[in-house]
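Asker: Let the sequences and hints guide you as you build the complete structure.
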Amino acid sequence: MLTSPLDVQPPTDTIWYGLFHYYLFLGFAAGTIVLTFMVYHAVRNREKKGETRPAPKFEKREGEWGNWKGTMMILLVTGSVLAFVEFQTFASTGLVVPPRGVDPIHIEVIGRQWDWIFVYPNGVQVIGNLTVPEGEDVLLNVTSLDVVHSFDIPTLSVAKDAVPGHFNALWFNATELGSYLIICKEFCGIGHYLMTGTLTVLTPSAYNQWYSSLQAPNNSGGGGNDTGTAGEVSSSNSSATSSAGSE
Amino acid sequence: MKKTTIVGVWFVVVLSALAETILYYLSPDASVTEGVIGVIAAGAATTTVAFSMGLKDEEGAVHYMVLVPVLLVAVLIITMLFAYPVNF
Amino acid sequence: MSGWLRGWLTTTNHKDIGILYFVGSLFFGVVGAVLAILMRVQLFSPNNNFLSPAAYDQALTLHGLIMILWFLSPLGLAFGNYFVPLQIGAKDMAFPRLNALSFWIYLVGGFLAILGFFLPGGNASSGWTVYEPLSGSQYLTGPGPTLAFAGLIMLGVSITVSSVNILVTVGYMRAPGITWRKVPMLSWFIVFMLLQALFAFPSLLAALLLLESDRVLGTFFFASSSGGYILWDDLFWFFGHPEVYVVLLPAFGMIAEILPVFSNRPLSERNLILLATGALVVPLSYLVWEHHMFITGIDLTEDEAFSLSTLLISIPFDIIILSFLKTLTKATIRLSIPMLFALGSIVLFIIGGISGVFLSSFVLDVVFRGTYFVVAHLHYVMVGAAIFGLFGGLYYYLPKLTGRMYHEGLAKLHFAVSFISFNILYFPMFFLYEMPRRIYTYQAFSDWGLLNSIATVGAFIFAGAQILLVINLVYTVWWGRISLTNPWGATTLEWVPNIMGASQSHEPTHIGEAHSELQSSRPVELSVAIGVGFLGVALLTYYAWGWLLLGLGFVLLGYTAVGWARDDANGVFHIADEVSETWPFNRITKVRLGMWVFIATEVFIFGAILSTDIFIRVSTSSWPSSVGIQDIPLGLWETVVLVTSGVTALLALESIKSGDRRGLVRWLLATMALGAVFIAINAYEWYNFFFVRVPSFTWATGLPGSTYFFSVGLHSGHVLAGMAIISYLLYRVKRGAYSKESYSGVQNFVLFWLFVDVVWLFIFPLFYLA
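Residue numbers (numbering that gives the first Met the number 0), protein chains in the order written: chain A, 0 to 246; chain B, 0 to 87; chain C, 0 to 769.
These aren't lab readings, by the way, just hints derived from the structure by calculation.
Ideal Cβ placement from N, Cα and C applies to all residues, glycine included.
Misleading hints may appear alongside valid ones.
Covered, in the sense of this in silico footprint (three residues per stretch, anywhere, with C-beta under 8 Å from a C-beta of chain B), are these stretches of chain C [what the hints assert, rightly or not]: (1) 70-84; (2) 477-489; (3) 624-635; (4) 638-652; (5) 750-763.
Derived CB-CB ranges, DEER-like [unchecked claim]: (6) C:Asp566 / A:Ile73: 51 to 61 Å; (7) A:Tyr16 / C:Gly120: 39 to 49 Å; (8) C:Ser620 / A:Phe24: 41 to 51 Å; (9) A:Val42 / C:Gly120: 31 to 41 Å.
Answerer: Below, the structure is given as structure tokens:
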């Protein structure tokens, strides 16, 4: 998987997996119960060769409306389970709504066939490399220059569509140093599979160093990267990027 | 269908169109005006459908059949218009 | 032309058309499966280059389109065509020629879609969801995609016509004594399926017409950055969600037929199933579509609302599955082939359905959306539940279709291998919930290789297993043991021989022979004409001779229309237009009912287009006032002219109702003249816009132009169609049709004409007064 086992789970990852486990457990339980019921009765009531069983007696109500009260009771149970998980979903909107009361680092993300371009607060553009400090909230405003893309950092369980003409917000807080893969998960043309990037998480001091030496805007290496060199660690205008290759 | 009905609907629709135009010239481009114009148009349309097309004489099932797409269009347009966050 | 071929090309008999749909959909199923195998080979290992990226992208797009729209949906219609009239005791469909027309339009449309592969630039490669702006002419160049989308338009028309046809048939033509309560489950579920399709496909048609307008005419509906992408998303998924139930419900109908027969007991809680499907699934299916758009950036409130509605829609499915399973209790179960497939379908639906609940959460969807988790879910429900259910139905009805029994051993092998390999193919995909969809290849580091390899192996086995089905079908037809009339001991009407004449005969369609008393070549001619015309449209921005083809299409269209009119005048297909007195349509005649259902679909299409116009206007920051562009007095004159033409049309109807043929002709001519005046004013306005006004105002100058010209153009097209219908009516009058007793043709024309008037009543204020 792309999820590396992290010692400390990022907040977004925690929210997502917490919710996922509710659905997983309850879904598994429901599926097991229903399938067991089904297989049990299908096997138990099999017609055995040569055996004639008397036709079962049905009260009139068993056919058309059946034991609808019993069905309603079961629905009450399943309805409650569904309501419960939905409630948990609503309680997890922290994944998609940036936390209040904090001042995140604002970075703009521009998707274009087939690169991710990151615009840092000082206006410098970097292709393919998103560098952030550890433990700080980061707010990304994602947009696109051409078609619809989808900005995705699988390890942090965050994603949002990059659409032309609008900015969509997503946030995260990286709690582990290292390099993580960024991908595009909305089909955007022939180079879709090559539209990757790297998230680099530095210590706050290393980040400050890197950020202050981030140069003024100049030509990004290679112009329009249409044939897919975007996945490599970009040897672009940002200098002291300390991380190794993508994961 | 009575001749009076046919001519009556004609008057309703033509007068509605005239009313819409006058309203527009009085205060073009105000949202409220556009809303009122829309309501008048809907009224004229409903009159035509009910009387000229004879929907009022058809049975209830046919009424529902024509009402359903109207409702679905309403759902579609409301969802489309509210897609964007208010503080975009 | 040999009699055999001619018979099949001109048949209008519902059983023949059912067979045609079976063969057609299985053919497209094979094409889609081949594309899938190509994809799976490419994805077998990381950094593979078995296909080129361009080829892979085309394969994935057409795999989706062909499988969902040309294989699964029509397969349900195959069952509907063959068995619904038998089950309700009707002699044939309500409108037999339209039924044939549906099939041929579907088939020609499918050929157009496949033809796209062979045009320069290849076929559509945008994914089956055709998201914008990727599928506009800027990013998806070439005539191939335009042609494929035209084929899709034809498919949309085909299914809409079928919906009108079969719904009127079931509403109207049930034999005496077949009340709604006695209608069998398959027919009920086909009705539900078509209630979904009835308003879903008009949304797709509106979206495709706007898309082709962008591609061919250069309008900006989806290309603009004022929310073009979300406009497509809304229109497409408004269709897309009900569509998945169109695919699923026939399979549920088959399961509902099979379970009681092979459990030796009545279907448990049958009425509850019907209530849950009709009152909950069908309406709710139109209210959940935005769960396909959770992370596109729409407002959080909409995300929450649609997450709730999606959760709600799982409840009726709980009821249905529960009832299915309760049928297994207190039962004596025969695990015959149809039953095995039905049970297999339920198992796979449970897995697929539960994964759907995961996807209803807009928070979980952040990770799952656009990944193979969704691919797993959709294949479990669309292939697992739907195909296993429909294959069960195919085996179940094979004795009825062919008069012979299939080979039991082959069928058992088919089921076992299919069921196991299906899970080998798709279950691993649940674990690939971080692997994006539609990627050409993936890197080695991602350790997705093993799971993908397993899936590919499963794919080969699964595809191979279907060959067993084909072999079994051939075997059954030529060498199968002659079977009993009712080998399963079923109790529904289609199994009873010789009740009401030829239709009910247990004698199957003689394999190889169409047997329709009423033959017409017009459906296939009309479909070819439309196909040629669309081919011309797709090509004309690339080759000049595309115009020739378009012209040829119109010529063929005219030839067919004249032929159709003459057939009508000769009384070949006279439909006795009586009142049926069956609830809920006690007073309305069959043809008028069909007209109202058709008008309902047109209400939706125009409603969607006008919603588009309003949406674009609201999301565009600066919109010119109409005063600077439109000539409002001219618009008023157009309104008056059109409304007056409605009056003359009504007077024509009143004339023939009192037997006055001369009055009919007089008022019809007046209507035609007023229509011509309307078109003339319209043409004059457009002439001014193109050639007089500086700068000129065309559909390609911006969004105001796009919305105005498309909407008014579509409306005027309907006016011209109405005028063509008037010519038809006048021709018929000349040949002696219509009288005081029989004037339904005129009445239906008047309904259509007035509807077109009503649409103008919205267009006028929207474009002239805003």
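Asker: Taking the hints in turn, state whether each one holds.
Answerer: Each hint tested on the structure:
For the stretch 70-84 of chain C, the stated coverage by chain B is violated: 0 residues have a C-beta nearer than 8 Å to a C-beta of that chain, whereas at least 3 were required. Only residues whose beta carbon comes within less than 8 Å of a beta carbon in chain B count, and the stretch 477-489 of chain C has 0; fewer than three means the coverage is violated. For the stretch 624-635 of chain C, the stated coverage by chain B is satisfied: 4 residues place a CB nearer than 8 Å to a CB of that chain, which reaches the threshold of 3. Given as covered by chain B, the stretch 638-652 of chain C passes the check, having 9 residues with a CB less than 8 Å from a CB of that chain where 3 are the minimum.
For the stretch 750-763 of chain C, the stated coverage by chain B is satisfied: 8 residues place a CB nearer than 8 Å to a CB of that chain, which reaches the threshold of 3. Take C:Asp566 and A:Ile73: their Cβ atoms lie about 57 Å apart, and the range 51 to 61 Å holds. Taking 39 to 49 Å as the suggested C-beta distance range, the pair A:Tyr16 and C:Gly120 conforms, at roughly 44 Å. Between C:Ser620 and A:Phe24, the C-beta spacing of about 48 Å keeps the proposed range 41 to 51 Å intact.
The beta-carbon spacing between A:Val42 and C:Gly120, approximately 56 Å, falls outside the hinted interval of 31 to 41 Å.
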